[in-house]
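Chains A and B, in that order, give the protein sequences.
Under full-length UniProt numbering, the residues of the first sequence are numbered 1 to 295, in order.
Under full-length UniProt numbering, the residues of the second sequence are numbered 1 to 295, in order.
The hints are simulated quantities; they were obtained by calculation from the structure and are not laboratory data.
Any given hint could turn out to be false.
If chains are identical, the list can't say which one is meant, so a pair holds when it fits in one copy or spans any two.
Said to hold, decoys possible - Here are the simulated DSS-like cross-link-like pairs (lysine-lysine), alpha carbons at most 25 Å apart as the crow flies: (1) K146 with K33; (2) K105 with K47; (3) K33 with K246; (4) K294 with K33.
Just so it is clear, the structure is predicted and the values come from calculations on it, not from any experiment.
The lines below spell out each chain.
Number of protein chains: 2
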Amino acid sequence: MTNSFQSWMKETQANVEVALHQYLPSTSTAPQKLHEAMAYAVLDGGKRVRPLLVFAAGKLFDAPQELLSRAACAVEMIHAYSLVHDDMPCMDDDALRRGKPTVHKQYDEATALLVGDALQAQAFLVLSEAQACADHKLPMLQLLGKASGSIGMCGGQAIDLASVGVALNLPELEQMHRLKTGALLRASVLLGAMSGKPLSADEVQALDQYSAAIGLAFQVVDDVLDATADSATLGKTAGKDAADNKPTYVSLLGLEASRQLADQLCHDAHQALSAFGASAQYLHDLADLIVQRKA
Amino acid sequence: MTNSFQSWMKETQANVEVALHQYLPSTSTAPQKLHEAMAYAVLDGGKRVRPLLVFAAGKLFDAPQELLSRAACAVEMIHAYSLVHDDMPCMDDDALRRGKPTVHKQYDEATALLVGDALQAQAFLVLSEAQACADHKLPMLQLLGKASGSIGMCGGQAIDLASVGVALNLPELEQMHRLKTGALLRASVLLGAMSGKPLSADEVQALDQYSAAIGLAFQVVDDVLDATADSATLGKTAGKDAADNKPTYVSLLGLEASRQLADQLCHDAHQALSAFGASAQYLHDLADLIVQRKA
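With these hints in hand, go ahead and build the complete structure from the sequences.
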């Protein structure tokens, strides 16, 4: 990762924080408690991997800032809502997220449920209200709908639920993560790219290969971290997957082979970007970030 | 209510059932259990008041069937997801809905959570994929986002949550219901109208007056039925509001004054339609249906 990437990342993360503030409903508008809880769930937390992917892909295609910014906030709101619901007692029952009490701990379960529901609606609203023309935004809204719904993120969650205590094989585990985490990561890359110039079929294919590789790498690294890092470093409860008897890359492949797989996937992601040349440097470095992260 | 209305209603309800089947993800596609639970939550139930409003308003403005059908399914999916989440133990904790076990009783809480989440995404997707041009659909998607999010339905739910055991006055109760139920009923009417020709400011205003009146009437009648009907007739648990110590029109005004208010609101709704003449007959009759319903 270059110095230029590090400073771009910090600047983009700061810009995303400002944009999230702007595109969340104001906490001074009624219903205030709900709006405060929505802000609590979204602001001051996370590495903003998905927004970074949106902006890095947008850079490749000269995308306008306002549309990128709204697309980045939309995917981050979808991601944040999924974490809020995922942490609830009927799902993963987790008390800690991004180093803070989870929403249902800080508020209550009913509020957490509504926060997630309202954040999902807000995501579609924020993207739909961008200044770009309707023809430009509509395929982006469709992609967001597919990536977050039953054949995307929610579908992956459903497979995850059904897999507790079940002996998934490697292709089944991969399919689960392709939906659960991969669909929204892919949407982040494509939404960034679609914010700019129209994409050729080859460009879509290259971005899809990149997305598939970083999507799986993300999950492999998650499993490695869950097995090796402590809760304070992760900002969430460590060791949960083993405790919950969930299949992971580490349980299927072992720790060393999982680390090697992550490196291989990072290499695949870099390869997929070769046609874009130097302008894909930030996407290239984001693959490194995903694999080398410590939390 | 005329015979022509009765037969139109039955035909429309049957068409909506077919369309919901068509626009829900197929239960033969993975993840099947999630798709089955989504279908369980949406199909074979309810009076389809919101789809009827979409079609009745669409009739006024020569709207194309496919767009109307998708708009109707989108609002019904939003409505169905809100019921699924509302019935969960952390909200109203209800075991019975539309005469069937609620989703978390039939499946489990985690599935109910995901069913609601996936239905919301599906609603936006179904509307966004209509054949109409992007310029036509985009304002409709924006309206759906506002009506279902934190300044619409979810916001109303949040106010409702905060009002348990609190002495709301009549304007506060009205504001809660304007969001909780009214926003999506208004969206149904406007989405139907917007599916057709562009609306004048006067037409929007008249439809807004109509929607506001039927929205409140709907809730007043709900409160009357909750206090007077039995669970078998309602298809859901009766007497819950009083048991939960929630403010209602009946608790604030008494039974007789609540019934009179519903009649007055029905009259107001009819008045608001006067400029549209005979072509608004089905909207006129839907106001009667909402006030005269027994469940």
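Hints and how they fare:
no.: 1; hint: K146 with K33; result: between (30 Å within a copy, 18 Å between copies)
no.: 2; hint: K105 with K47; result: within (22 Å within a copy, 37 Å between copies)
no.: 3; hint: K33 with K246; result: between (35 Å within a copy, 19 Å between copies)
no.: 4; hint: K294 with K33; result: neither (34 Å within a copy, 35 Å between copies)
Violated hints amount to a single one, hint 4; each of the other numbered hints is respected by the structure.
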